[in-house]
Structure formats: structure tokens, C-alpha cells
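Colleague: If you want the building blocks of each chain, they are given just below.
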Amino acid sequence: MISFDRVSKFYGETHALSDVSVTIQDGEFVFLIGPSGAGKTTFLKLLTREALPTKGDIVLDDLKINTLSSSGIHLLRRRVGVVFQDFKLLTDRTVFENVALALEIIGKNDQEIAHDVDNVLELVGLEGKKNLFPQQLSAGELQRTSIARTIVGGPKVLLADEPTGNLDPETSWEILDILQEINTIGTTIIMATHNAGIVNDLKKRTITLEHGAVVSDEARGRYHIHKKARRMRKL
Amino acid sequence: MRRSPYQAMAAILTMFLTLLLAGLFFLASTASYFVLQYFEGKPQITVYFQDKTGQESIQKLENELTATGKTASIKYISKDDALTIYREQNKNDPLLLEMVTADILPASLEVSATAPNFLSDLEPVIKNADGVEEVVYQRDVVETLIAWTNAIRWVGGSLAGLLAVDSILIVMTIIGMKIAIKKQEVEILNLVGASPWYIRAPFLLEGGLYGLFGAGIAMIIIAGLTLWLYPLLLAFLGVIPVIGGVLGAPSSTAFLLSAFGFFGGLAMTGFLLGSVGSMVAVGRYLKF
Numbered sequence: 091m092i093s094f095d096r097v098s099k100f101y102g103e104t105h106a107l108s109d110v111s112v113t114i115q116d117g118e119f120v121f122l123i124g125p126s127g128a129g130k131t132t133f134l135k136l137l138t139r140e141a142l143p144t145k146g147d148i149v150l151d152d153l154k155i156n157t158l159s160s161s162g163i164h165l166l167r168r169r170v171g172v173v174f175q176d177f178k179l180l181t182d183r184t185v186f187e188n189v190a191l192a193l194e195i196i197g198k199n200d201q202e203i204a205h206d207v208d209n210v211l212e213l214v215g216l217e218g219k220k221n222l223f224p225q226q227l228s229a230g231e232l233q234r235t236s237i238a239r240t241i242v243g244g245p246k247v248l249l250a251d252e253p254t255g256n257l258d259p260e261t262s263w264e265i266l267d268i269l270q271e272i273n274t275i276g277t278t279i280i281m282a283t284h285n286a287g288i289v290n291d292l293k294k295r296t297i298t299l300e301h302g303a304v305v306s307d308e309a310r311g312r313y314h315i316h317k318k319a320r321r322m323r324k325l
Numbered sequence: 003m004r005r006s007p008y009q010a011m012a013a014i015l016t017m018f019l020t021l022l023l024a025g026l027f028f029l030a031s032t033a034s035y036f037v038l039q040y041f042e043g044k045p046q047i048t049v050y051f052q053d054k055t056g057q058e059s060i061q062k063l064e065n066e067l068t069a070t071g072k073t074a075s076i077k078y079i080s081k082d083d084a085l086t087i088y089r090e091q092n093k094n095d096p097l098l099l100e101m102v103t104a105d106i107l108p109a110s111l112e113v114s115a116t117a118p119n120f121l122s123d124l125e126p127v128i129k130n131a132d133g134v135e136e137v138v139y140q141r142d143v144v145e146t147l148i149a150w151t152n153a154i155r156w157v158g159g160s161l162a163g164l165l166a167v168d169s170i171l172i173v174m175t176i177i178g179m180k181i182a183i184k185k186q187e188v189e190i191l192n193l194v195g196a197s198p199w200y201i202r203a204p205f206l207l208e209g210g211l212y213g214l215f216g217a218g219i220a221m222i223i224i225a226g227l228t229l230w231l232y233p234l235l236l237a238f239l240g241v242i243p244v245i246g247g248v249l250g251a252p253s254s255t256a257f258l259l260s261a262f263g264f265f266g267g268l269a270m271t272g273f274l275l276g277s278v279g280s281m282v283a284v285g286r287y288l289k290f
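Residue numbers (our numbering), protein chains in the order written: chain A, 91 to 325; chain B, 3 to 290.
This is chain A alone, in the form it adopts within the complex (with noise of 0.2 Å):
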């Protein structure tokens, strides 16, 4: 379970969270939402501990990720991982490399290190690239092997950040049934998404947040688009 209490995070006058109070279940799947600047990447990089909340307690399981120590990060990290919009690929190592680096950090042996690499490019269907470097990959393609690095070592959570921000349509919905598929195994899957239609659809648990604070969490959200830009849209 994941806890926020009275969470906020301030950079200098800029308050990127304000007050925030969320739980989360384990396997859930929740969409984070927002214009942009709202918080929602703040509020991910709160769970890896890229960066310490000013007020209040993050809790991960028996974790208290607030007061975790710097030797202890690392450790955390291999709990809760994260993919990009970006993909943060090494671009001079193939598919295969990328994603055993997951394994060899932890210490796993050639053998253990090849079967897992398999099984998990499997799921995510690339099964047939692994020997590619990523400048031969379609963006969809990378975004798999993003994933397939950040899911190899078995995270109990994943956090998404805009996975689908560089993505087409129909390859935004081919990444999302794989975090489906993911999340029906276990693991608990955080998506900050400005893609209403993906949410929508899918009518997942969904958190709001607006100028730092969640202004609504609905069980089966939707994204509602804000007055502002739907004014823009009508113009």
C-alpha cells in the first residue's frame, strides 16, 4: 500500500504539492491527472525518492520513503519502477542489453539474467528485436523495451509518466494493454496521463490535481477537461 499524508512540496514560492492525502491499494491502477504543472510528475518522483517532500509522510508498505536513508534508495528503486515518455534507452547497448541491465545491477547470473530477459520481452512482443539497438526501433518499440526493463526485476509498483506522450493512438493502446496485463499480475501501476481518451475508456480509479492539490479522486474517473481549454477548443 502506498500512503500520502499531508504531502507537500515546495520549490521555493512554487509549491508543486500542496497538502496532498492519498492511499493506494496494492494492484491498483490509478490514472493521475492534471494540466500541466500541476503536480503529477512531483508526486512520482515523491515515490522514488528523486525528491523529499517539504511536509508529511509518504509510506510504501513498512517503507517510510521520507525518512529512508541514502544507502537505502537503491532498494527502493528496485521496488518501484518508472517508465518515461522519454524511454531513458541506452543507445549503444540492444534491447536484450537495456533490459538485463535491470538484472545485472541485482546480481543475477548469465543463465537467470537471459531466461527472464526472454520471458519478459515475450510479454511485451519483442521477442523478435531484442537483438536491435534502439535506433532501430519505432517509438511503440521502445517504449516496450522501457517497460520490459522496468518490469524485469519484478516491481511491486510502476509509476508511468506520460508513457504514451510520444506515442500514436493505436500504439499508446497496444502500451496500455501491456501495463493492463502487468497490472493484472500484481503490480500496482501509477500513469500520469494528459490522454483523456485512454482514460476515459478505460474508467480506471483516477486522481485530479490542480495547482498542487487533488481536486478529485473518483473510483472510475474520467478526465475532465478543463474550462479554460475547452474555451480554446470552441475557438
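Because the hints were derived from the structure by calculation, they are not lab data.
Here the structure is a predicted model, which means the values were calculated and not measured.
Ideal placement from N, C-alpha and C gives every residue a C-beta, glycine not left out.
It cannot be assumed that every hint is accurate.
Stated by the list, open to error - Think about it this way: if two alpha-carbon atoms lie no more than 25 Å apart in a straight line, the pair counts; the simulated SDA-like pairs of lysine to any residue are:
1) Lys-81/B - Glu-58/B
2) Lys-184/B - Leu-222/A
3) Lys-154/A - Phe-100/A
4) Lys-135/A - Phe-290/B
5) Lys-184/B - Asp-95/A
6) Lys-154/A - Phe-177/A
7) Lys-81/B - Val-134/B
8) Lys-219/A - Phe-186/A
9) Lys-178/A - Tyr-200/B
10) Lys-178/A - Phe-290/B
11) Lys-246/A - Ser-197/B
12) Lys-129/B - Glu-58/B
13) Lys-185/B - Leu-165/A
14) Lys-154/A - Trp-199/B
15) Lys-154/A - Glu-58/B
16) Lys-184/B - Ser-161/A
17) Lys-289/B - Ile-183/B
Claimed, not checked - From the derived model, a few chain B residues whose C-beta atoms are all more than 12 Å from chain A:
18) Ala-33
19) Asp-105
20) Ile-190
21) Pro-198
22) Ile-201
23) Ser-253
Stated by the list, open to error - Partial list, computed: chain B residues near chain A (C-beta under 8 Å):
24) Ser-34
25) Leu-191
26) Leu-193
27) Gly-195
28) Ala-196
Put chain B on the given structure of chain A with help from the hints.
Modeller: Same frame as chain A, now just chain B:
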């Protein structure tokens, strides 16, 4: 190293120069120490007597010196003893042996004081003695050697120290550049949960390897120089028992242990210098 050969070459060459100089000065300093020890172990004053000086006068001087309580040893060398020593020293030169008899060699007293500062107290006793022809003070030789030994240590130590600092700074700069080049990889490793030491270790090892490679080249040069200058070194320093014993028997355990110790120390110093440079860079640029 493979991807940035010029940076690696710069680091290895600097390490090589530092270790070559440190190694050569270490050897020179060690040799001068043993040379000094050899001369310090010799009698501090040698009193040569005139041919006409009788045994009584020599005995009288010996008694007077002993009475001061400041002598560690007094050894009487008769004319015959002097001839034996002379023959031993020149056994390879029959011509020199033929020309010399016991009559033309002076009898002498070899005197050592319990402490160097007592030599000035013994001097007046010797000066006032009858039948003394010449007095040779070892102190002059020792003082010159001490001055040389200290100069070698100071110059060598300072130069090696400066170069060591230079090596550390160069390795630090190069490893810092490598960390900057691999910024994205470091970021990704961090995000996928690599431990700080998993990320730091390759950079630390790289610095250490620069030192090891530098030490390897320095070892080859020093070994080559030693082989080239071997006859000269043996001729000059072979008379010093410790040096002659080691250098004169290249297959002995003492020689092998000395060589192994010296080259091992050089490799270790290189590895440590490189690692220190890397550690500074890692501490500065890889803060987690």
C-alpha cells in the same frame, strides 16, 4: 580506455613519469643509506704512527684514550696487520703486492667514540700524543655522505610528491570527464536501482588501472636501466656488503625478494595514486 585512448594515454604517461622518478629516487636513497651505514660502521678516527714510534707510545695513547671513557672501541693495527689488509685489498693486482713490504706501512690505531659528539674530546688527546704522523677523520666523509643523502631525499621526495599530486589531479580530471560523458548511463542506473557502489566501482577501478599501467611501464624502464648499468653499479657499490650481497647474486632469494618488494611497492603505489584521483572525482561528481 578503449573509447577515449588519448585521455587514458595522458593519465598513464603522467603516472609512468611519477612512478619512474619515485622509483629511481627510492633506489638512490636506499643505496645512499647503505653507503652511509657502511661508512658510519667504520672507525671514526684512524691514527697513523711514525715508523720510529715505539710500542710504549702507542700503548700510552691507547690508555689515555680509554681513560676518557668516551671510546667504543680501539683497535691496534700493526705493520704486519696493515700488510695483510693491503694484500687482501689488492689481491688481484700482483704488481702492487710486489712493491710493498710491512716496513713501509705505518702502524695505526682505529678509534670509535661512543657518540659522534665525543670526537672533539678525543681530538686533543691524539694531537698531544708522541709519534703521531697523520690523523684521518671518517667524520668528514660521513658528513659529506649525509649531505648527499639528505639532498637526494629532499629533491627526490619533493619532485615525486609534486608529480604524485599532478597525477592525482590528472586522473581526477579525466575520470570527471568520463562521468560527465556517461551522465545518462549513470542516471539510468540510478533509476533502475543500482547501488551507489555498483555505479562508482568502474570509475574507481579505471583510475587504479591507469596507475597499474603507469607502474608497469616504469618497472620495464627501471629493470632495463638496471640491466644496462649492472657492471657499473656492481663496480661502484659492490663493496658495500648489503648492496654487493643482493646485487652480486641475481639468482639469490635476497635479490628476488628485493626485486619483488620494489616492483610490488611500485605497482601498489600506482594503483593507490590512481584510485585516490578516481575517488576524489567520484566523490565530487557522483553524489547520490
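Colleague: With reference to the structure, classify each hint as holding or not holding.
Modeller: Here's how the hints hold up against the structure:
At roughly 15 Å between alpha-carbon atoms, Lys-81/B and Glu-58/B fall within 25 Å of each other, so this suggested pair holds. Simply put, Lys-184/B and Leu-222/A have alpha-carbon atoms about 21 Å apart, close enough for the 25 Å limit, and the pair holds. Using a Cα cut-off of 25 Å, the hinted pair Lys-154/A and Phe-100/A holds, with the two alpha carbons roughly 20 Å apart. This hinted pair checks out: Lys-135/A and Phe-290/B have alpha carbons roughly 15 Å apart, not beyond 25 Å.
Restraint check: the Cα-Cα separation between Lys-184/B and Asp-95/A comes to about 37 Å, which exceeds 25 Å; the hinted pair is violated. Note on Lys-154/A and Phe-177/A: the hinted pairing is violated, with a Cα-Cα distance of about 28 Å set against a maximum of 25 Å. A hinted pair counts as satisfied when its Cα atoms are at most 25 Å apart, and Lys-81/B with Val-134/B qualifies at roughly 15 Å. Of the pairs offered as hints, the one joining Lys-219/A and Phe-186/A holds, with about 8 Å between alpha carbons and a cut-off of 25 Å not exceeded.
With a CA separation close to 19 Å, the supplied pair Lys-178/A and Tyr-200/B stays within the 25 Å bound. A C-alpha spacing of about 19 Å is found between Lys-178/A and Phe-290/B, which places the hinted pair at or below 25 Å, so the restraint holds. Taken as a hint, the Lys-246/A and Ser-197/B pair is honoured in the structure, with Cα atoms around 18 Å apart against an allowance of 25 Å. Among the hinted pairs, Lys-129/B with Glu-58/B is consistent with the structure: their alpha-carbon atoms are about 17 Å apart, no more than 25 Å.
Restraint check for Lys-185/B and Leu-165/A: the C-alpha separation of about 21 Å stays at or below 25 Å, so the hint holds. At roughly 23 Å between alpha-carbon atoms, Lys-154/A and Trp-199/B fall within 25 Å of each other, so this suggested pair holds. Only pairs whose Cα atoms come within 25 Å are accepted, and Lys-154/A paired with Glu-58/B is rejected, the gap being roughly 98 Å. Of the supplied pair hints, the one linking Lys-184/B and Ser-161/A holds, its CA atoms being roughly 22 Å apart against a limit of 25 Å.
For a cut-off of 25 Å, the pair hint linking Lys-289/B to Ile-183/B stands: about 16 Å separates their Cα positions. No beta-carbon of chain A is positioned within 12 Å of the beta-carbon of Ala-33/B; the least distance is around 49 Å. Against the 12 Å criterion, Asp-105/B stays outside the reach of chain A, whose nearest CB is about 87 Å from its own CB. A beta-carbon of chain A is positioned within 12 Å of the beta-carbon of Ile-190/B; the least distance is around 5 Å.
With a least beta-carbon separation of about 7 Å from chain A, Pro-198/B fails to lie farther than 12 Å from that chain, contradicting its non-interface assignment. Here Ile-201/B does not stay apart from chain A, with its beta-carbon only about 9 Å from theirs, under the 12 Å limit. Chain A leaves Ser-253/B outside its interface by the beta-carbon criterion, the shortest separation being 46 Å against a cut-off of 12 Å. The interface hint given for Ser-34/B is broken, as the beta carbon of that residue sits about 50 Å from the closest beta carbon of chain A, more than 8 Å.
The beta carbon of Leu-191/B comes within 7 Å of a beta carbon in chain A, closer than 8 Å, and the hint placing it at the interface holds. Interface hint at Leu-193/B: satisfied, since its Cβ lies 6 Å from the closest Cβ of chain A, which is below the 8 Å cut-off. Satisfaction of the interface hint for Gly-195/B is found here, the shortest Cβ-Cβ separation to chain A being roughly 4 Å, below the 8 Å cut-off. Checking Ala-196/B against chain A: minimum C-beta separation of about 4 Å stays under 8 Å; hint holds.
In summary, the structure is inconsistent with hints 5, 6, 15, 20, 21, 22 and 24 from the numbered list given earlier, while agreeing with the others.
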